[in-house]
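A.B. asks: Listed below, chain by chain, are the residues.
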Amino acid sequence: MNIDFERISELITKGQIEQLQEQTNQAIETGTEPAILLNKGLLPGMDKVGQLWRNGDMFMPEVLRSAKAMSKAMDILRPHLSKDDMGSAGKMVLGTVAGDLHDIGKDLAGMMFEGAGYEVLNIGIDQPNEAFVNAAIEHKPDVLGMSALLTTTMPRMGEVINSLKESGIRDEMAVIIGGAPVTKEFADEIGADLYAPNAGSAVELTKQYFAQNNS
Amino acid sequence: MKKIKKTIIACGSIKAELENLHSGQDDIELKFMPQSLHRQPKKLTERLQTAINNAAHNTKMIVLGYGLCSNGTVGLKAPGTCLIIPKLHDCIGIYLGGIMHYYKLFQELPGTYYLTRNWIINQKDPLGLVNNEYTKRVGYDMAKEAMDTEIKNYKYIAFINNHTGDSDYYRNIAIENAQFFNKKFIEIEGSTVLLNKIINGPYKKKEFVILNPGEKSKQSHFLK
Ligand code: B12
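Just so you know, the protein sequences line up as chains A and B, in that order.
Here my numbering is used: the first residue of the first sequence is 1, the next is one more, and so on.
Here my numbering is used: the first residue of the second sequence is 1, the next is one more, and so on.
No lab work stands behind these hints, which were simulated from the structure alone.
Misleading hints may appear alongside valid ones.
[As the list claims (entries may be wrong)] Heads up, simulated DSS-like pairs for lysine-lysine below, C-alpha to C-alpha not over 25 Å straight-line:
| id | chain 1 | residue 1 | chain 2 | residue 2 |
| --- | --- | --- | --- | --- |
| 1 | B | K5 | A | K184 |
| 2 | B | K218 | A | K68 |
| 3 | B | K224 | A | K165 |
| 4 | B | K152 | B | K136 |
| 5 | B | K136 | A | K68 |
| 6 | B | K42 | B | K216 |
| 7 | A | K48 | B | K43 |
| 8 | A | K68 | B | K155 |
| 9 | B | K124 | B | K15 |
| 10 | B | K216 | A | K184 |
| 11 | B | K42 | A | K48 |
| 12 | B | K77 | A | K14 |
| 13 | B | K136 | A | K14 |
| 14 | A | K184 | B | K218 |
| 15 | B | K183 | A | K68 |
| 16 | A | K184 | B | K224 |
| 17 | B | K136 | A | K72 |
| 18 | B | K144 | A | K68 |
| 19 | B | K15 | B | K5 |
| 20 | B | K77 | B | K42 |
| 21 | B | K206 | A | K48 |
| 22 | B | K104 | B | K5 |
| 23 | A | K72 | B | K144 |
This structure is a prediction, so every number in the text was calculated from the model and none was measured.
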């Protein structure tokens, strides 16, 4: 059967949860590769949501409805994703810095990385600097992702990077930061490896980064 | 033509407060921008730059009634005059009277959702958003669910009382929100200290970003 990936993307952006669940189930039953469904249907849909939001063409409740649709579809897909798909790209620790309770963007980023084959350990919101460092020590991630939506909490990212240095593990992972007020300049200033303006490009940039640094 | 002493270009969200404090000095001019611009910081920058350019030739100094506002005030410059911007992150800091107070509360009461007179009047309180904006877009059930998700991480709903307008009315709406969403209600005493400084100074380097004529504002100016 031919799967209409564009239609699946659209169901995500429109937040049509039940129809998306139906289509996802159908696609799986008719033998579509879960990874392909994810990469051609679900993730482009979520990426579009991020874009529409930034341009002011989508509002908060719709973003949240789409995020819910995505996570319901992921629930269906997850048991079918093979071990090779899950975590094949590496491990990521992801969280929002101390004092900051915003998590919508972070969770979208988490879904995109999961979709790209990362095993994502989402440590949640309002995480003290030590929590990032401890998670990094314990889980030895390939990527450490930090999110901040407040300019008051952005400086915590630099502090975490310094603590990683002090613990001697800074160079063992790529640090990527994001969130609406974060800029490339800020990322350079605090010594993060990567900055991504949105979750879709984050995955691409991370892939490029490892392609360059592992060769 | 004699130049006026000072032009204040401020966010519509603090209009009532600033007008209350402005004692009718005709050498201090107040201008306001629509509050809704805060949702699109890039647009805010453009609109502010235009307003600054228009005011610059006729004034000795421009003061913004804005904070960093999600980088909305980054990249601004005033041709031929000084540009002064409060070293704040957002309007909550303005209502609390300065950034140190904001930082302190942030540590003491993490997980607080602040409501001010202005947010309530504009129905930007969670309940107002659900009933007046979200439901239209996604239906009541999803609207309520979306708001529950948005504020799931919060413990308190705080009313910052600035003693402007009908405080009892605003307080009741804040309490209604807290009850509806199962949060604790608290009231915080607001302050007009910073609002007053925006109009009358003094503009100390600790509290304000002070830019020379033509100098551009940077994000780092605010983070120090
Ligand atoms: C929704 C929202 C909330 C919700 C949060 C719900 C939640 N569960 O997250 C609620 C209503 C609870 C809230 C509360 C507050 N908020 Co708020 N909030 C927003 C709003 C409108 C949207 C944020 C959002 O979710 N965007 C949608 C997602 C998809 O976009 P995103 O987060 O930018 O994420 C994308 C990218 O940035 C990137 N990304 C994000 N994180 C990461 C991480 C990594 C590793 C990577 C690679 C990428 C990445 O990928 C995402 C997808 O493309 C913004 C305004 C704005 N335009 O950003 C204000 C905003 C961030 N909030 C603001 C404020 C002031 C507050 C409050 C203080 C308000 C109050 N009255 O108390 C509190 C803060 C509480 C706290 N301590 O955190 C200000 C911040 C100003 C400042 N100081 O910098 C903003 C900018 C609004 C404004 N202009 O006034 N907020």
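A.B. asks: Could you work out which earlier hints the structure fails to respect and list their numbers in ascending sequence?
C.D. replies: 1, 2, 12, 21 and 22
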